[in-house]
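Protein chains in written order, with the numbering used here: chain R, 1 to 166; chain Z, 1 to 166; chain G, 1 to 166; chain B, 1 to 166.
Incorrect hints may have been included.
Intra- or inter-copy, both count: the list cannot distinguish identical chains.
Calculated cross-link-like contacts (lysine-lysine; reagent style PhoX-like; alpha-carbon spacing at most 25 Å) [said to hold, decoys possible]:
1. K121 / K161
2. K5 / K134
3. K133 / K5
4. K52 / K134
5. K52 / K5
6. K161 / K134
I should point out that these hints are in silico values taken from the structure, not numbers from a laboratory. Remember, it's a predicted structure, so these values are computed and weren't measured experimentally.
Protein chains: 4
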Amino acid sequence: MASRKTIIGIIGGAETSQENYRLAYDVGKYIAGNGAILACGGLSGTMEAASKGAFDNSGCVIGFLPGGEKSEANAYVHIAIPTGLGIARNILVVRSSDALIAFPGSYGTLSEIALALNLGKTVVYMPGTWDLKKIAPVDSALFKEAFDASQAIGLALNSLKGGGAI
Amino acid sequence: MASRKTIIGIIGGAETSQENYRLAYDVGKYIAGNGAILACGGLSGTMEAASKGAFDNSGCVIGFLPGGEKSEANAYVHIAIPTGLGIARNILVVRSSDALIAFPGSYGTLSEIALALNLGKTVVYMPGTWDLKKIAPVDSALFKEAFDASQAIGLALNSLKGGGAI
Amino acid sequence: MASRKTIIGIIGGAETSQENYRLAYDVGKYIAGNGAILACGGLSGTMEAASKGAFDNSGCVIGFLPGGEKSEANAYVHIAIPTGLGIARNILVVRSSDALIAFPGSYGTLSEIALALNLGKTVVYMPGTWDLKKIAPVDSALFKEAFDASQAIGLALNSLKGGGAI
Amino acid sequence: MASRKTIIGIIGGAETSQENYRLAYDVGKYIAGNGAILACGGLSGTMEAASKGAFDNSGCVIGFLPGGEKSEANAYVHIAIPTGLGIARNILVVRSSDALIAFPGSYGTLSEIALALNLGKTVVYMPGTWDLKKIAPVDSALFKEAFDASQAIGLALNSLKGGGAI
């Protein structure tokens with residue numbers, strides 16, 4: 001479809017280190033720079049950093065909020081979806097995304113990585129997040145490590161080429 | 001928020017008359033013309049008509065699909081959300097919208113009207129859809145009839161003024 | 001399946017009249033007496049009345065709660081499902097039920113009637129609830145009025161005979 | 001509440017080894033023997049094994065199915081909930097359970113472990129499943145290894161003592 005936009009999901013903790021905040025900001029900037037939409041959980045930390053990066057680069061940010069109020073969204077979300085589904089909203093971040101980039105985070109982030117792999121979506125993961133390869137034979141075509149923002153967005157976008165994923 | 005976009009939801013049958021197709025197309029056009037985003041179920045009939053109207057007027061259309069594939073969306077959806085939730089996705093059309101405009105439709109449309117009123121959202125309804133006022137004392141501040149596209153979008157946008165709804 | 005239980009859903013307001021409380025209590029009693037499980041939203045009013053009726057007749061009650069805590073359930077729910085999905089939990093009351101009995105209620109009840117009819121499930125409705133036949137040509141094989149508890153449960157159970165519904 | 005039943009969730013692969021089938025069968029038997037209800041995803045493999053164990057011991061099994069048809073459930077499910085939510089139904093297995101026992105499984109099982117830990121629920125895990133402790137500092141009060149069926153059910157039930165979890 002001429003109209004259909006590529007969507008890249010950003011997952012990671014609502015609390016984050018300064019280093020990862022900067023990294024997520026840069027990834028958000030690249031997502032916007034490549035004409036893709038950024039999807040996330042719409043809250044603070046990693047989600048806010050990436051949202052701000054996309055926002056500052058004239059991108060579009062969609063936030064799937066756990067609660068029922070749009071005011072829950074961080075200041076850089078253009079399209080706030082107050083799902084009212086609680087943690088079950090994680091599936092929407094995953095399903096809306098054509099590929100995902102995972103930052104360090106807690107169990108919520110882990111659930112999103114798991115759901116994405118379950119649905120056969122590429123997850124590019126940054127250092128410090130759940131490195132599942134160490135405990136199980138995870139498909140390396142779907143689960144790929146990146147070490148900086150440019151590599152992350154490159155791997156995510158490359159995974160969509162020639163694919164029915166979009 | 002400077003970034004937050006107003007979202008107007010369009011609900012109505014996946015099959016529709018030529019007259020309602022034209023009406024929904026015009027409403028979609030007005031939504032885009034007013035700088036709002038159009039949310040809908042992403043499929044055919046009323047949803048497609050309104051999507052095309054917004055698309056043709058350089059708007060942005062978000063479609064909450066019942067299935068798990070983005071290809072299910074009509075050709076005018078920019079942001080396809082393949083929820084995989086089946087009919088339960090109706091709640092997302094309702095919750096994402098700041099106000100809704102209801103066209104004639106079947107039980108799915110009725111469920112969306114009911115959910116919107118339950119959540120205290122304004123529903124502007126076009127002739128021929130479920131006229132609940134005939135069977136129960138529905139709050140007329142929330143449930144308002146419109147007779148043409150311009151009146152519908154006017155009532156929907158007016159309902160958001162001065163409100164915490166956005 | 002030898003193991004599969006028939007489930008009858010009860011929908012209706014969280015606030016109810018004394019008369020409808022008694023009626024819902026009797027319907028709950030009959031559901032248990034017929035060896036069926038009662039499904040409902042697990043809260044007060046109509047839901048509590050029917051739950052108590054089933055409970056007092058040694059039945060089994062499943063409550064799909066909007067919030068995330070089992071303590072939200074009324075005292076007669078055996079199986080509390082704290083869905084955390086908010087009003088979206090209505091779809092679970094409907095989908096789990098083989099047939100539904102509708103009491104007077106507000107928009108939440110209306111959404112459940114609409115979702116049930118959308119899924120082709122029989123809805124037996126008691127006087128005073130949303131009488132959709134007055135505003136649209138609703139399929140009378142699915143949407144049937146009952147005037148007392150015994151008739152209601154009779155119509156609900158009869159609708160399941162010979163059917164793939166169970 | 002006098003009426004409220006304890007619910008133990010069983011999660012694990014839809015395909016399973018003979019050894020784990022037997023183990024899950026035994027766990028299901030113990031769950032029923034302790035008067036608890038077994039919740040699971042209602043399908044084959046681990047879910048079927050545990051369901052059969054509970055069924056054979058006069059227990060009660062609730063299955064949260066991804067699809068919309070009760071016929072999808074294995075033969076030992078008493079209460080079939082055809083959620084129609086796809087993989088999003090995993091949250092219902094987790095939320096309905098007071099504690100969970102995890103068998104080896106793929107990404108779906110991992111998502112359930114993650115969601116359970118996110119909600120502060122005890123997950124007793126059997127050898128061969130996702131051993132998250134090897135890659136992150138998981139709270140050992142919530143995530144406990146068991147080596148046989150009797151130990152698993154013991155740890156799960158013990159975790160509920162003195163708690164508001166039930």
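Hints, one by one, checked against the model:
no., hint, verdict
1, K121 / K161, "within (13 Å within a copy, 40 Å between copies)"
2, K5 / K134, "neither (34 Å within a copy, 38 Å between copies)"
3, K133 / K5, "neither (31 Å within a copy, 39 Å between copies)"
4, K52 / K134, "neither (32 Å within a copy, 34 Å between copies)"
5, K52 / K5, "both (19 Å within a copy, 16 Å between copies)"
6, K161 / K134, "neither (28 Å within a copy, 34 Å between copies)"
Violated hints for the displayed structure, listed by number in ascending order: 2, 3, 4 and 6.
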